[in-house]
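Please build the complex by placing chains B and C on the supplied structure of chain A, with the hints as guidance.
Chains as they are written, first to last, in our numbering: chain A, 1 to 420; chain B, 1 to 328; chain C, 1 to 379.
Calculated directly from the structure, the hints in this document are not laboratory data.
Glycine included, C-beta positions come from ideal geometry on N, C-alpha and C.
Some hints here could point you the wrong way.
[As the list claims (entries may be wrong)] With a Cα cut of at most 20 Å, we get these calculated EDC-like pairs of lysine to aspartate or glutamate: (1) C/LYS332 - A/ASP34; (2) C/LYS290 - A/GLU40; (3) C/LYS281 - A/GLU47; (4) A/LYS66 - A/ASP124.
[Said to hold, decoys possible] Far from chain B by the CB rule (all over 10 Å, computed), these chain C residues: (5) HIS26; (6) VAL27; (7) PRO35; (8) LYS173; (9) ARG289; (10) TYR291; (11) THR293; (12) LYS332; (13) LYS355; (14) SER369.
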Amino acid sequence: MPIEITMPRLSDTMEEGTLLQWHKQLGDVVSSGDVLADIETDKATMELQSFDDGIFSEILVQEGEKVEVGKVVAVLTEEDEAPLESTTPEEPANETKVEIQKPEKTGMAISPVARRLADEYGIDLKTIQGSGPSGRVIKRDILQVVDATKETSAAAATTQPDEIIQRTVSEPEVVATTHPIVASGDWRENRSEPLSNMRQVIAKRLVESKQTIPHYQVTMSFDMDPLLDMRKTLNKQLANSGVKLSVNDFLVRCCALAMAEHPAFNASFGGDCIYFHGPVNVGIAIALPEDKGGGLVVGTIRDADQKSLRSISQESVRLGKKARDKGLSLEEMSDTTFTISNLGMFGVEHFTAIINPPNSAILAVGAAIEKPVVRGGELVVGNELSATLSLDHRVIDGAMAARYLKTLKELIENPAALLV
Amino acid sequence: MSERIIEYRDALCEAMSEEMRDDKKVFLLGEEVAQYNGAYKISKGMLDEFGPRRVIDTPISESGFSGMAIGAAMRGLRPIVEFMSWSFSLVAADPILNNAAKMLYMSGGQFGCPIVFRGNDGAGGQLGSTHSWCVESLYANVPGLKMAIPYDAYDAKGMLKTAIRDDNPVFFLESERLLSTTGHVPVEEYTVPFGQALVRRQGTDCTIISFGRPLHFCQEAAEELAKEGIACEIIDGRTIRPLDIDTMVASVRKTNTCVVVDQSWSFASVGSEIASQIHRYCFDDLDNFVHRVHSDDVPTPYASNLEQAYLPNTRKICEAVRAATYNS
Amino acid sequence: MVGVKTTTSMDKTETEQNVASTELPHVQLEKSPMPESGILLGWLRQMLLIREFEVRTMQAYQNRLIGGFCHVYIGQEAVAVGSIAAVNPDDPVVLAYRCHGHALARGMDPKHCMAEMFGRIGGCAKGKGGSMHMFDAPHHLYGGHGIVGAQTPLGTGLAFATKYEDEVLQDGKSSHVTLCYLGDGAINQGAFYEAMNLAGLYDLPVIFVLENNRYSMGTAIERGTTMANELHTKSEAHGINHAIVDGKDVVSMYQSFKSIADWCREESRPFFVEAQTYRYKGHSMSDPRKYRTREEETREEELDCIDRLEKLLCDEHGLTRDGIKQMSRQVKTQVREAVEWAKKSPETPMDELYKDVYVDHWGLFTGTSKPQMMQGEDE
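Isolated chain A, as found in the complex:
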């Protein structure tokens, strides 16, 4: 049976070794204990010793070569035995991910028990002046409010506040689950609901995004009149084919075309490098119905720069419907390189969004609003849309963002190009 000689681990920290010199030649007889070669480790030059007897029949690593521990460097055979072919599979590199979490800053100093008691008594903390250090709201402050309320409305109370306060102070966990009262009477029961899986994912990913990505925002307004006019025309023509283009469909195509022109917007931060993605995949944020637990998913429109308005629209409708009905597949939600979040349909004028990692940018789109605007030196009524980019400063600088928005503006305000 052939015996494989492997690069030995010769110290507790050795991962690879350099074969300095072979002491045997092919065909030599080897006995257990013979020195086969010198190996340079991370600590010293050591001997590679044979543990078996045999004929030195094959050299797989040449002098001066560095190989990892465990790799076959030579083969011994017993007499009349063919040498052994050896293959050593490459080991996949270990990927390690370090998550850094920074504490989130809170505005108002409140001691934990004061916060809990305020919650239990339904007291608005904003109305309270803290008496602790730096204005920290402490237990005493809450109890004073409770006492004052108790005095003024004792008669109106339906249960005995004395008892409640006593119980709150001595057995808070019991009170939290029974019926604490507040004198005004419009108290509604506090409750907690466990997070759904989706909420957990949203919480985790967006906290991670907001805490690790250096966000900044750039806003620009767009004259929507030409685009809205063209949309009206196109939708009339397409009415019979069941396609109805939304403003968002236009924006998807505009953003995608602009991304093709500005590759940094189709990129991800990679720690020690920036990944530039090939395909331009635009994600669209889809809100899910409240009665199904609410939440939010991002559907992927792949190769959006290659697609017509019509196919963007069809895909967008399909994704929206499927997301709401039975949920999107992983395939339908992955690989976005940019995201658009549009709250225009709710009449929202302006907002900012949190970047959807690993994207480097997200566009928050408000509604096209009729307002007085200056066109050609005259004050007229026009449709304006305000959109805000949130950007990862590690990938995109301010001037780059401005240039991208300029391209976007040209596309939106000259929409004929979108049909080409």
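Coordinates of chains B and C only, in the frame set by chain A:
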């Protein structure tokens, strides 16, 4: 139970003597424990009763006799090792930490180490820094050992009997300043279990947690604070391993404020560990962060005034409680 | 005659109190007789087993089946085999960290020894001790110990315990002797001097077996130890008699140790024996041995303990080369099976993490249990 008041040191002697009468595997060794009747007279009379084979004088050789006792414990004997002071245990750190505490684990359950190391811990009074060690924070870091700190004569006897009967190594920390204190100790047989803290004073405004001798100052502080209208609840933790965090948490949930008094240094200490656990388990019950009183972060000074200022004392505890309760 | 230093007469007063003798007692010991050939054959087999075991240990280490620090015993086999043969099976033995050979000589099954180094549940300590910490309660083996010299106070304590058990608990006469091994590096540790002082002071039956292989890690004994050629001075200071034996001759080891052990047992006194030996391999697996010459190594290997016993058995007891080969093959098979067994032994399960920290259950700790070796599951 009969009423009987005896000294802390006699309570320790009774515990050892009773256990040695019951179990011939128990023996006592240490510097001056036999002929001299104990450097602090704790083992007074024991040589006469048990003879030199079971009450054994050792040379000043802590590393050697600690290791020797551990070897004996590996065979199932139950040695009581007296350190004249825990300060001197530092030269025996390897046997007591590497061998006693880890033997069961490293032997995969084959060899335990039923042994008690006991002696004076903490400042005795102007002994200088090398002789004033509070070893609790240093040693409590090590898994595999138990650590007990009795405060009064009743606990001294009851807890030492528990320690001697325990199948694990027990670090039993007494105090030179408590040896002559007296307390009620029943004639009847009793033991005090490990892992059960004692509420030594009830109060509603602030929980004070401590171990051993500083409890004396906690009591003084509580008296003074009561005059100011602050009602302190004092918890004697009694054992650090196991730690009865439940009793501490229950009290803090009631008072919403907490002061930990630990005579060792503050950095990475028993006090910081308890504060951390209170913050964890009582997060939504706290009206202030847990305040801590320790010895100052310097070597123990010799000069009497400096030493008094350095140790946890009534003034420091009062200040900490006032700050924790927003009364300063 | 054993090379015992003889001085003035014993001046020991036996009183109720521990009073140390003020001078070194006079001791004159004869070597024990040569044992019969069957016993010699047994020793040969043990030494071959240890050597093959250690070769496969090195191989397993290089193949990353063994982690951490690992110290092999090749070259010193006669010390463990000859000395352990000279005591009773219930006499305590305690070791330093180069401890595989002693564990095997004492009777530990090689598969549990190998599995321990592999960090598996089948190991003698459930994989919690590792190469330096071989424990075997059924064979009265009180562990290998990783801190240099730390085992010497423990050895004193084991001797204290047997004496206490025999005299106080049984009300009889002290009837055991403890073997406490140490390397020449440990003779510079304070703990060793404290251990010797206490053993001398309390008349404890313990033999401190110094395995002088002349190097503590890479430091030659002359570079680290005063009076390196007069080591008897180290024990004489503590009232303990001293002997020098040829640690590369298992027969001589046994003959000396038998007499010394019997004397210690009878007199309830300690002894310090210097077994002169040589380790063929490095201190640990990462030692290139640059501190000594190849010529020195070759010279030492020419006096190999296994070769010498083989020659004795062939010349005077009718053993043939074929007989040796056959024994060699059996040993190789036994070690190969041990390696295979260890490989198949499962990784130590996660519930062992919090086990054996304390005897009792509290907090996260889940009490203690015995290793497979003591549960008789595998036999």
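### Beyond 10 Å from every chain B Cβ - status for C/VAL27
23 Å, holds
### Task
Find the nearest Cβ of chain B to the Cβ of C/PRO35 and say whether that gap is larger than 10 Å.
30 Å, holds
### Query
Any Cβ of chain B at or closer than 10 Å to C/ARG289, or is the non-interface label fine?
Per Cβ check, C/ARG289 is outside 10 Å of chain B; nearest 29 Å; holds.
### Query
Is the Cα-Cα distance between C/LYS281 and A/GLU47 20 Å or less?
Status holds; Cα separation ~11 Å.
#### Entry: Proposed proximity, A/ASP34 with C/LYS332 (alpha carbon, max 20 Å)
18 Å, holds
### Beyond 10 Å from every chain B Cβ - status for C/HIS26
25 Å, holds
### Nearest-CB test (10 Å) between chain B and C/THR293
35 Å, holds
### Message
Hinted pair, alpha-carbon criterion (20 Å max): A/LYS66, A/ASP124. Please report holds or violated.
### Response
69 Å, violated
### Task
Could you let me know if the closest chain B CB is still more than 10 Å away from the CB of C/TYR291?
Per Cβ check, C/TYR291 is outside 10 Å of chain B; nearest 27 Å; holds.
### Query
Far enough from chain B: is every CB of that chain over 10 Å from the CB of C/SER369?
Incorrect as stated: the minimum Cβ-Cβ distance to chain B is 5 Å, not above 10 Å.
### Message
Quick check for students: does the CB of C/LYS173 sit more than 10 Å from each CB in chain B?
### Response
The assertion about C/LYS173 holds, with a minimum of 13 Å to chain B.
### 10 Å Cβ clearance of C/LYS332 from chain B
Answer for C/LYS332: holds, closest chain B Cβ roughly 28 Å.
In terms of the numbered hints stated before, the structure departs from hints 4, 13, 14, listed from lowest to highest.
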